[in-house]
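*Asks:* As given, the protein sequences belong to chains A and B, one line each in that order.
For the first sequence, position 165 matches number 167 in my numbering, and the numbering has no gaps at all.
For the second sequence, position 160 matches number 162 in my numbering, and the numbering has no gaps at all.
None of these hints come from the bench; they were simulated from the model.
Computed from a prediction, not measured in an experiment: that's the story for all the values here.
Even glycine gets a Cβ: it sits at the ideal position worked out from N, Cα and C.
There could be a bad hint or two in this list.
Simulated restraints on C-beta separations [said to hold, decoys possible]:
1. B:Gln-27 with A:Thr-165: 47 to 57 angstroms
2. A:His-130 with B:Thr-134: 13 to 23 angstroms
3. A:Met-290 with B:Arg-13: 53 to 63 angstroms
4. A:Leu-43 with B:Thr-175: 24 to 34 angstroms
5. A:Arg-24 with B:Arg-100: 39 to 49 angstroms
6. A:Phe-291 with B:Arg-13: 34 to 44 angstroms
7. B:Asp-95 with A:Gly-200: 44 to 54 angstroms
8. B:Glu-14 with A:Ser-44: 33 to 43 angstroms
9. B:Phe-291 with A:Gly-32: 55 to 65 angstroms
10. B:Glu-14 with A:Tyr-40: 40 to 50 angstroms
Protein chains: 2
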Amino acid sequence: MDSMLRWESHRERFEEYLHGLRFSQNPALGPLVEAMRYAMLSGGKRVRPTLCMESAWVFGADPELVLPSAAAIELIHTYSLIHDDLPAMDDDDFRRGRPTVHRKYGEAMAILAGDAFFGEALTLITVHQKGTPEQVLEVVRELAASTGVEGMVGGQVLDINFTGAGSEVDTETLYMIHRYKTGALIKSSARIGAILAGASAEEQAAISEYALELGLCFQIVDDVLNATSTAEKLGKSAGSDAERGKATFVSVFGVEGARREADAATERALAALGRIGGDVSGLREMAMFVRHRES
Amino acid sequence: MDSMLRWESHRERFEEYLHGLRFSQNPALGPLVEAMRYAMLSGGKRVRPTLCMESAWVFGADPELVLPSAAAIELIHTYSLIHDDLPAMDDDDFRRGRPTVHRKYGEAMAILAGDAFFGEALTLITVHQKGTPEQVLEVVRELAASTGVEGMVGGQVLDINFTGAGSEVDTETLYMIHRYKTGALIKSSARIGAILAGASAEEQAAISEYALELGLCFQIVDDVLNATSTAEKLGKSAGSDAERGKATFVSVFGVEGARREADAATERALAALGRIGGDVSGLREMAMFVRHRES
């Protein structure tokens with residue numbers, strides 16, 4: 003199969019799997035489940051779960067195998083978006099062209115829908131993920147590390163703390179923020195696919211490095227689009243970073259400089275692929291897609 | 003050792019273990035770690051972790067064995083308290099006699115400190131908990147179930163949705179709310195101790211039933227204290243449930259009726275202990291402590 007088609011087939015299969023998640027049959031819990039499904043079925047790019055599936059494929063496993071873990075990763079990513087959008091945080095009214103969860107269901111429900119995703123993500127892994135107990139435990143360990151203090155949440159704290167600092171943030175700090183905030187979970191997505199496919203430690207390290215650079219590139223492009231695109235194209239506010247004085251790759255390097263940083267990250271990602279034996283054409287295309295996306 | 007002394011020794015050992023948790027050496031993450039430690043080192047009753055330790059002891063294990071899981075449970079409980087106190091939820095200014103996390107560190111930090119606890123809890127279990135991979139995975143599965151939609155978070159959603167309904171909530175719904183909101187995690191605390199100690203399925207079921215009833219009794223007594231005690235004794239607002247029209251055991255059964263429900267739950271808890279072979283004197287005392295506590 004052409005690698006572009008395989009990538010699209012991961013995405014379709016993943017959407018189908020995600021649509022099938024119900025969380026509870028208890029009607030009293032219907033409003034919570036509705037808010038969660040609203041948030042998770044909003045047509046995101048699904049970079050993380052499809053990366054997890056492609057990683058499994060590269061190391062010889064059926065992408066179908068990793069669906070529970072891929073969904074868990076997407077649920078955790080979704081919870082982070084819900085919480086990041088809250089009035090006390092980024093205070094965003096729109097996400098992917100629709101009202102954010104707190105705009106639609108209220109703030110309390112948004113906080114709780116986010117919270118509930120974590121437990122449900124773990125249930126997906128511990129009840130539905132096939133593999134040896136050692137492998138499944140390793141998946142949980144990987145997710146734990148990438149979502150705690152030295153992961154996604156710590157990155158968000160740093161991002162907020164440095165908001166207002168704009169161009170005064172140094173390069174090292176900027177990269178640290180985004181290694182934690184976006185890089186860690188994207189790295190875990192690829193690594194988890196590799197773990198479940200039984201890849202060697204060296205292969206896991208190579209695909210982790212690839213994914214970390216991919217994640218950084220993803221964030222750099224996000225910053226560039228925020229500065230240069232329109233709300234219509236993005237489905238969310240444009241120009242909001244500069245208004246808030248956020249520390250971004252654009253505030254530190256300028257638009258052209260940020261584009262060069264994105265190119266450099268893409269090159270490092272592609273170099274890491276050189277250490278993997280299997281068919282990495284899909285991963286190469288993903289790196290190009292992330293670099294050149296326009297929304 | 004006298005069971006009262008053993009209970010106190012669990013608590014002391016647990017506090018010491020909790021004090022040792024640092025989460026990160028990265029100074030940039032200091033403010034997040036400070037907010038987390040402020041929340042978790044506030045001298046709570048530690049019912050859940052000590053119950054986990056006592057459960058392990060009853061089934062023949064060294065309580066020291068289960069410390070990482072016991073701490074994970076307490077971190078998750080702490081995160082739920084931080085989020086419950088937020089302005090969009092219960093809007094509480096004080097907890098255990100001190101300003102709540104959002105009053106002291108701001109709302110964004112309170113949301114994120116709560117979020118970070120989940121990842122850190124999982125790291126404690128997956129990196130530090132000894133046991134077979136099957137046992138450790140079972141611990142994660144148990145925590146996942148008790149903290150998701152049909153657990154702690156779903157219970158909080160129901161609690162909020164029924165606020166204002168006061169005495170119109172039926173008995174069945176009221177018990178459902180609290181089985182989810184408080185019961186599930188307390189049940190898991192006992193069950194996790196049993197799992198790690200290698201207890202049989204029957205013993206796990208018996209101690210789970212005991213703990214679920216203990217959890218319900220805990221909540222009933224909470225409701226009674228909220229209606230009858232003072233803020234000074236409780237270290238948090240008194241009388242706030244009635245003001246908000248919350249659906250509580252007092253709003254449904256009245257103070258005396260609620261006390262009878264607490265007695266009945268305690269009796270069911272003690273009956274479940276009858277199916278356990280080991281020395282359950284400590285568990286019996288814990289049930290009496292929960293029933294008769296005054297703060």
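*Asks:* Are the hints correct? Go through all of them and say.
*Replies:* Status of the hints after comparison with the structure:
no., hint, verdict
1, B:Gln-27 with A:Thr-165: 47 to 57 angstroms, "violated, 24 angstroms"
2, A:His-130 with B:Thr-134: 13 to 23 angstroms, "holds, 20 angstroms"
3, A:Met-290 with B:Arg-13: 53 to 63 angstroms, "holds, 57 angstroms"
4, A:Leu-43 with B:Thr-175: 24 to 34 angstroms, "holds, 29 angstroms"
5, A:Arg-24 with B:Arg-100: 39 to 49 angstroms, "holds, 40 angstroms"
6, A:Phe-291 with B:Arg-13: 34 to 44 angstroms, "violated, 54 angstroms"
7, B:Asp-95 with A:Gly-200: 44 to 54 angstroms, "holds, 53 angstroms"
8, B:Glu-14 with A:Ser-44: 33 to 43 angstroms, "violated, 49 angstroms"
9, B:Phe-291 with A:Gly-32: 55 to 65 angstroms, "violated, 37 angstroms"
10, B:Glu-14 with A:Tyr-40: 40 to 50 angstroms, "holds, 46 angstroms"
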